[in-house]
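**Student:** Using the supplied hints, reconstruct the complex from the two chains, each of which is provided in its own coordinate frame.
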Amino acid sequence: MNVDDLEELADLHRQEHAAVKTEIRVCTAASCQSSGAQPVLEALTAGCEASEHPGCRVKQVGCMGLCSAGPLVAIAAKDAPLDQAQLYRDVTAADAPEILTSAKTGAPVERLHCPIDMPFFARQQRIVLENSGVVDPNSFKGYVVLGGYRAMVQALTEMTPAEVIAEVTTSALRGRGGGGYPTGLKWSTVAKMPAGQKYVICNADEGDPGAFMDRAILESDPHRVLEGMAIAAYAIGANKGFVYIRAEYPLAVERLKTAIRKAKRAGFIGHHICETEFNFDIEIRLGAGAFVCGEETALMASIEGGRGQPRPRPPYPAESGLWGCPTLINNVETYANIAPIVRDGGDWFAGIGTERSKGTKVFALAGAICNTGLIEVPMGTPLRDIIEDIGGGIPGGKAFKAVQTGGPSGGCIPEAHLDIPVDYDSLKTLGTIMGSGGMIVMDETSSMVEVARFFMEFCMSESCGKCIPCRAGTAQMHGLLDRIVKGEAGAQELALLEELCEVVQATSLCGLGQTAPNPVLSTLRYFRAEYEQRLLDQAA
Amino acid sequence: MTMQRARPSLPSNDKRWKLVNATMRRSGYAEHALIEALHSVQDAFGYLDEDAMIFVADSLDLPLSKVFGVATFYHLFMLKPQGRHSCVVCTGTACYIQGAGALIEGLEQRFDVNPGETTEDGALSVMTARCVGACGLAPAVVIDGQVSGKLDSNALNAKLAGQIKGQIREEIAQ
Chain X
148 MNVDDLEELA DLHRQEHAAV KTEIRVCTAA SCQSSGAQPV LEALTAGCEA
198 SEHPGCRVKQ VGCMGLCSAG PLVAIAAKDA PLDQAQLYRD VTAADAPEIL
248 TSAKTGAPVE RLHCPIDMPF FARQQRIVLE NSGVVDPNSF KGYVVLGGYR
298 AMVQALTEMT PAEVIAEVTT SALRGRGGGG YPTGLKWSTV AKMPAGQKYV
348 ICNADEGDPG AFMDRAILES DPHRVLEGMA IAAYAIGANK GFVYIRAEYP
398 LAVERLKTAI RKAKRAGFIG HHICETEFNF DIEIRLGAGA FVCGEETALM
448 ASIEGGRGQP RPRPPYPAES GLWGCPTLIN NVETYANIAP IVRDGGDWFA
498 GIGTERSKGT KVFALAGAIC NTGLIEVPMG TPLRDIIEDI GGGIPGGKAF
548 KAVQTGGPSG GCIPEAHLDI PVDYDSLKTL GTIMGSGGMI VMDETSSMVE
598 VARFFMEFCM SESCGKCIPC RAGTAQMHGL LDRIVKGEAG AQELALLEEL
648 CEVVQATSLC GLGQTAPNPV LSTLRYFRAE YEQRLLDQAA
Chain V
443 MTMQRARPSL PSNDKRWKLV NATMRRSGYA EHALIEALHS VQDAFGYLDE
493 DAMIFVADSL DLPLSKVFGV ATFYHLFMLK PQGRHSCVVC TGTACYIQGA
543 GALIEGLEQR FDVNPGETTE DGALSVMTAR CVGACGLAPA VVIDGQVSGK
593 LDSNALNAKL AGQIKGQIRE EIAQ
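These protein sequence lines map, in sequence, to chains X and V. The first sequence begins at 148 in this note's numbering and counts up by one. The second sequence begins at 443 in this note's numbering and counts up by one.
Same shape as in the complex, but just chain V (with noise of 0.2 Å):
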């Protein structure tokens, strides 16, 4: 008879790790189901710190290291908290050759933010994604899972400024 290793506690009361631990008891915390738990943790918390990594590591009986090296290799994964909102820039080739370089270069010198980064308020992320399929809207971008299409920098630029001051209104009128 094998002995059933025992399993780690969850890091806090909070709900989600319930969800996480689900993922990982549905493959029967199977190595292979790291991926997914990694996907689950960041679909609950927004983004990956060192309490869960351990927490799935220590479930799946997994070195850290081992976590640690899938979670930096794929892109996907966020290291960071993110901002209230996302936008992802699209530079795949159709994208790039109809100009979403200057949708890159009007967000950092509107919000002060690179690619990559979240402004310092916490109101916005901004990211690049290699091709989100989108190619006949070119140049696209996903605003908080939205994808819009054919924007200038101008026009992108509105739209999120409308989108960050509409949750600032929403916030006053609670």
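Chain X on its own, in the form it takes in the complex (with noise of 0.2 Å):
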């Protein structure tokens, strides 16, 4: 098969729906799910086949991205983008006659009436996201009439591997799960090594609380993924593949055997892909909870079927990796990047974005903002555009007090520095880090000292208990953190806890350690006065 002939395949599709002028979507992500979207899309659906519409269908879709407004529903004409759509907050299912009304008329529902044009919207750029809220992520027709695939019948068909790893490395894409390593780099370091059984990961183990970035991209476009780590296993000579995803996010997990399954029915994974030479196989692998599965070296001991402790590096994944051979890991973000890179070129992809930081970033905006949900900004956008035009500032009339990035790894930003561009070396400055892209936003309400020890507890109870600064470093620095919020400490505790700040980040094995004290760092840093005053007064 060529990039012409997948062009017929998806005429036929879309001839299959050929008389469907307008489309009702319902949003079924998790989110909109808990929501209650589930009602709305049955009468929907009902509604729509008892009006005898047939002009109209009514379609799931995965996140639009304003998980605060849900249940969200969008009418829009055939496959067109989100941002033609009209979108509809907060439905109910007595809603559906109402909404299948206004899809007939094109009358807007005014009650439900959500502006696509507000900043939330109109600010973004999705290039990962730019099928999700479109495509069913259960259908694989779906996904090849909007050019899915395509990509990789491209590079099979008319590119070396040499050539995709070029086009990668031109793009600058850096590793979105959050340590910004070249990505181009890191395939070429495995396409190098001897040929033989390599493997190719995906890491959907996403544990920093606060983000859902993976969830959202597997949820609602799963083959998306497929594309890019078939493409990745192309270029760096593997056959086999591991997406290695949280048992926590069922629906992501069954979304993705589904595509899985249909993309192999299909023959666009397995043997002889597409009719080339080319033989990939992917598996699903559950976590069963461990946030130190994250890192790269614990979560191969977790697909060995071992406890998920990190070992010492080099020797890298990609020399020595999973079973001993060599492994490319990518996360869910990175693959979901790879699809457009090898179709639009990649630079294309490297003329968005800052000078050392390219493309565009999905980012999880949570805690107290208006607008909760899953946004893609060009990096480089300044946090304020992101909190208060995007995020629609703070609710309740309250005041602004930090933006959290990083997870537990991450730090605080005080308002002094909302006017930085968020790309991966401008954060680190400021002693925190981009990390998978949550952000959490907290106000006045909040006490400093108590995210701090929140974080402390978090690294606490999830270190792996290897190797010895992080499994006894992180309790005793919990201990401090808990005396001072409890008033307590003197100012000899808080010096000790400094002290054990730079031990644990300086000894620690893996990245779960070594990052433990980024929480307690930038709040000391930037919000000290707070802990000075629950100190006790020792003149006293």
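One should not assume that every hint holds.
[To be verified] In silico DSS-like cross-links for lysine-lysine, where the CA-CA straight-line distance does not exceed 27 Å:
id, chain 1, residue 1, chain 2, residue 2
1, X, LYS613, V, LYS522
2, V, LYS592, X, LYS545
3, V, LYS522, V, LYS601
4, X, LYS613, V, LYS601
These are computed hints drawn from the structure, not numbers from a lab.
**Tutor:** Next comes the structure, spelled out in structure tokens:
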């Protein structure tokens, strides 16, 4: 099969629904489902069938982003992008008749209207999420109609593995799991290893509290991730892939399983993919609730069936990974970026973003903010724009206090630094990290010392226990923070806490321990007065 | 020619063991199927008891210590039977900021149960999760597998009490 054949196939699928002009899209990702999207979907489907409106169909789609306004329903022309849709918020099953009428007549239901030109949507640039909220995540055909698997077929039939890697290198894409390692460099390292058994792993163990980007991508557009993995496997010479995904994400697991099954049946995964010489099989591995398994060496230990404990690097997985074979590990969002890079070229991708951080980044906005949900913005967008424009500011007339980025490995940024552009390097200068993209906004009612204690409690209980600095250090730090919060500690304990931060950071084996002190250090850096207020007055 | 190792017989006539066995057979009883085998035990029986761990260890030809070590390492595996209803309170950052702590305190007061425990009558297990990824709905709880968001303590307690009472009513009707 070549690209023209795929285009023919897409045309064939298009003809199946040739009569359909209008789509009523119901978001059935986890967040909207929790707000009651299922009854809405059922009511609309039943209503649409009963109304005998042949030009209209009801379709379930993935995340449209604005989770706080769910369940969301969009009316759009067939396969039109999200920004050309009429959006309805807080929809209930009782609203179905009105929505169906509006789909027929084109007159909006003012009561439910959610402006698609508000900054939350207008300021976004959707690359990773371009199909999210448009494609039916359970439909292989739907994905092909939207141009899916085109990049894979193009890579397999028109490009050599080296050319694929060159394109990814040109794009300057950096790992979206948080580390920010250049993806092209990682791929070429694995590709250079001697031929033989190699593996591709997709890290979907999104353990950062406050992050749900990977979940939303897998629930909304699972084929996009599979396509990215297949292209990676072709480029590095692997024939076997694993998706390591959290068992806490049952809907994502289910949709991914469906996607793998359908792609296999269509010959887009498996033996002789699209009638080429390339073989690639994908298996799902369920995590079992361990934050440390986000660490690549721990994740591999878990795939091998053991305790998810990291080991020292080198050797890096690129050299000796799963069962000692060269292994490529990338995060969900990284793979989701691959198809557009192959399709539109590395230069196009490199034209977006900042000097050293290219492309877009998906962020999960949560906490004390009006518009919670998922956004995708170009790298370099100022933090203030994200919080005030896109996020709509702080609810309840309260004042902004800090935004926490990067989960338990990150740090808190105060008001004074809000004008910083969001990219890997600028966040580092503030003592925090991009992480996988969780952003939690805190208002004036949050106590930063308590927030630090919360994160330390997290790191303490998630420490795998293998190395002493992390196992004992985090417990000691948590104890000290607890005493400071309760007003039982003095300046001496604070000094001890700071010293421990340095030790744990410098001597821990893996990323969990090395970054565990970050929330303490960053809150101490910007909110030291809050700590000092709680100290016992030694003189008194 | 290699000898096929004899597989242990199923611990009891309970048909659910066949499901567990099928999971292990699918991977050729490979060592790396351990976590999947434990998942399938927990899916079938609700928790991992000693019999189950011995059976899995024998089937995969692993020392029991390794199976126990893996089962206790991961938060998701339960070594005790769970209540008829479960309530998982998300304690991720967004939920923490939006009041997950108050939900847990409320549960402790109303049902006399701490996180990780089951009520004495076996009606309700309360657990905490690190993040269920429903941050937009913080504070989020998962009641019997269904995610609910934006609940305060009173609403959560009322919902759980209703769920438990509903089941008792069904039992009486039968």
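**Student:** Take the hints in turn and mark each one as holding or not.
**Tutor:** Comparing the hints with the structure gives:
For the hint pairing X:LYS613 with V:LYS522, the CA-to-CA distance comes to about 26 Å; that is within 27 Å, so the pair holds. For the proposed pair V:LYS592 and X:LYS545, the alpha carbon gap of about 19 Å is at most 27 Å, so the pair holds. Between V:LYS522 and V:LYS601, the direct Cα distance comes to roughly 25 Å. Compliance with the 27 Å bound is thereby established for this hinted pair. Proximity of X:LYS613 to V:LYS601 is assessed by CA-CA distance (about 41 Å); at most 27 Å being required, the pair is judged violated.
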